[in-house]
Structures are given as C-alpha cells and as structure tokens.
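Residue numbers (the numbering used here), protein chains in the order written: chain A, 1 to 113; chain B, 1 to 110.
Accuracy of the hints is not assured; some may be wrong.
[Claimed, not checked] Derived pair list, reagent style DSS-like, types lysine-lysine, alpha-carbon separation capped at 25 Å:
1) B:109 / B:68
2) A:14 / A:71
3) B:97 / A:57
4) B:109 / B:69
5) A:71 / B:97
6) B:79 / A:9
7) B:105 / B:42
8) B:79 / B:59
9) B:42 / B:69
10) B:109 / A:9
11) A:57 / A:71
Don't read these hints as lab results, they were simulated from the structure.
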Amino acid sequence: NAGVTQTPKFQVLKTGQSMTLQCAQDMNHNSMYWYRQDPGMGLRLIYYSASEGTTDKGEVPNGYNVSRLNKREFSLRLESAAPSQTSVYFCASTGTSSYNEQFFGPGTRLTVL
Amino acid sequence: EDQVTQSPEALRLQEGESSSLNCSYTVSGLRGLFWYRQDPGKGPEFLFTLYSAGEEKEKERLKATLTKKESFLHITAPKPEDSATYLCAVQAHNFNKFYFGSGTKLNVKP
C-alpha cells in the first residue's frame, strides 16, 4: 500500500495563476482532508470531505476549492494564486471509525511569487 | 473556541536527558487527543491516541498521558534519532474536525 500520495511535491506559481493539487489514498478511507502548514501556526484545516460526494469548509477556506472525485481522490484547487497562499500543503485521510487517527501524505511545497 | 497550545516551542536536550512536552487544550466535547511526529520535509506520522483522562500509552522511549485539560509526552533517555517536531491534535465533537497545536521542535544532541 502506498498510503496517501500527493502531487506535485514542489510548485512555483506567479500571482494570479491557477493550479490543482492532487491527493489519493489506497486505504479505503471515508474521510479526507486538506491542511496548510505555515511556520509557527501549525496545521490549519482548509477543507474536508467526510465521504464521497460531500465537502465542507474548514478553518481557512478562502481562495480554495475542492473536489472529491471518488472515494480515493480529493483535489485542492487554487483559482487565482496569491503570495499569502505560499505554504506547505498536506492531504490526510482517516479510516472508517470516527475515532481513527489521520494518515498524512508527504506534502506539496507551494511558492507564489 | 476550540484551541490547542503546545509548549515549549523548542527544546534542546542532551542524549539521555529525560523531559516532557506539554499540550493544553480547550475543546467542546473531546473525542480524542493525538500525538504525531514530523521530520523535516515530511508529513506527520501518527504516534498515539488518547481518549479519556487518566489514560496512558507507551512506545519505546515515549509515553503519552492525558488529563482533562492537557496531555504530556514524556521522553525517557532520548537519542539523537528522536529529534523531530512533535505535534498534538484534538478531535472535537464534530468528528471530522481536528485542531492542531503549532508543535514542539525537539533537538537531541549526542
């Protein structure tokens, strides 16, 4: 099992450009999450999907959109990138039990110039 | 407001020097408290889950404990390979939301 995979690993964008971050998990998990991690601020939830076909806003959703394509895949889209979106982005998933821990991907380091 | 605070922000220890990391939380309806280890350039890696006050869990040199307001991660006789950032997270009454602290960066010198 690959666990949680993310692409790309690194990306540099110019202000106003758009891009989609991809995430996939092969653990048959129901819930998937997108976080951003900034120095000194910990992980902040952007969006989550409790199950296929549903998505909900987290703590910092502005400037982002998500798609739960199927049970395996959950993508994060930046429609018009801004320098404030420079960050490391992590995708995570949890198992079928509501009390399960999260499994994280390796992250995408995004720089917006 | 649900909140998680970790202290200290950074901790430097000599190899073999035991210490504790703190995670204090305010959350409406705690469902679970999680500890993760994060190495530079990688995603967080799960260590422990604690569900109720008084619970303790151990793994090698690490021991996690939970009270009604805080959790401690005790590190006994640490080694340089224990150097990492340790993250604490709580799962609130909304099962699908997790709140993370900003982490404690541990550096163990040989």
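Do the hints match the structure? See the list:
no.: 1; hint: B:109 / B:68; in the structure: violated, 33 Å
no.: 2; hint: A:14 / A:71; in the structure: violated, 32 Å
no.: 3; hint: B:97 / A:57; in the structure: holds, 10 Å
no.: 4; hint: B:109 / B:69; in the structure: violated, 31 Å
no.: 5; hint: A:71 / B:97; in the structure: holds, 19 Å
no.: 6; hint: B:79 / A:9; in the structure: violated, 30 Å
no.: 7; hint: B:105 / B:42; in the structure: holds, 14 Å
no.: 8; hint: B:79 / B:59; in the structure: holds, 14 Å
no.: 9; hint: B:42 / B:69; in the structure: violated, 29 Å
no.: 10; hint: B:109 / A:9; in the structure: violated, 30 Å
no.: 11; hint: A:57 / A:71; in the structure: holds, 18 Å
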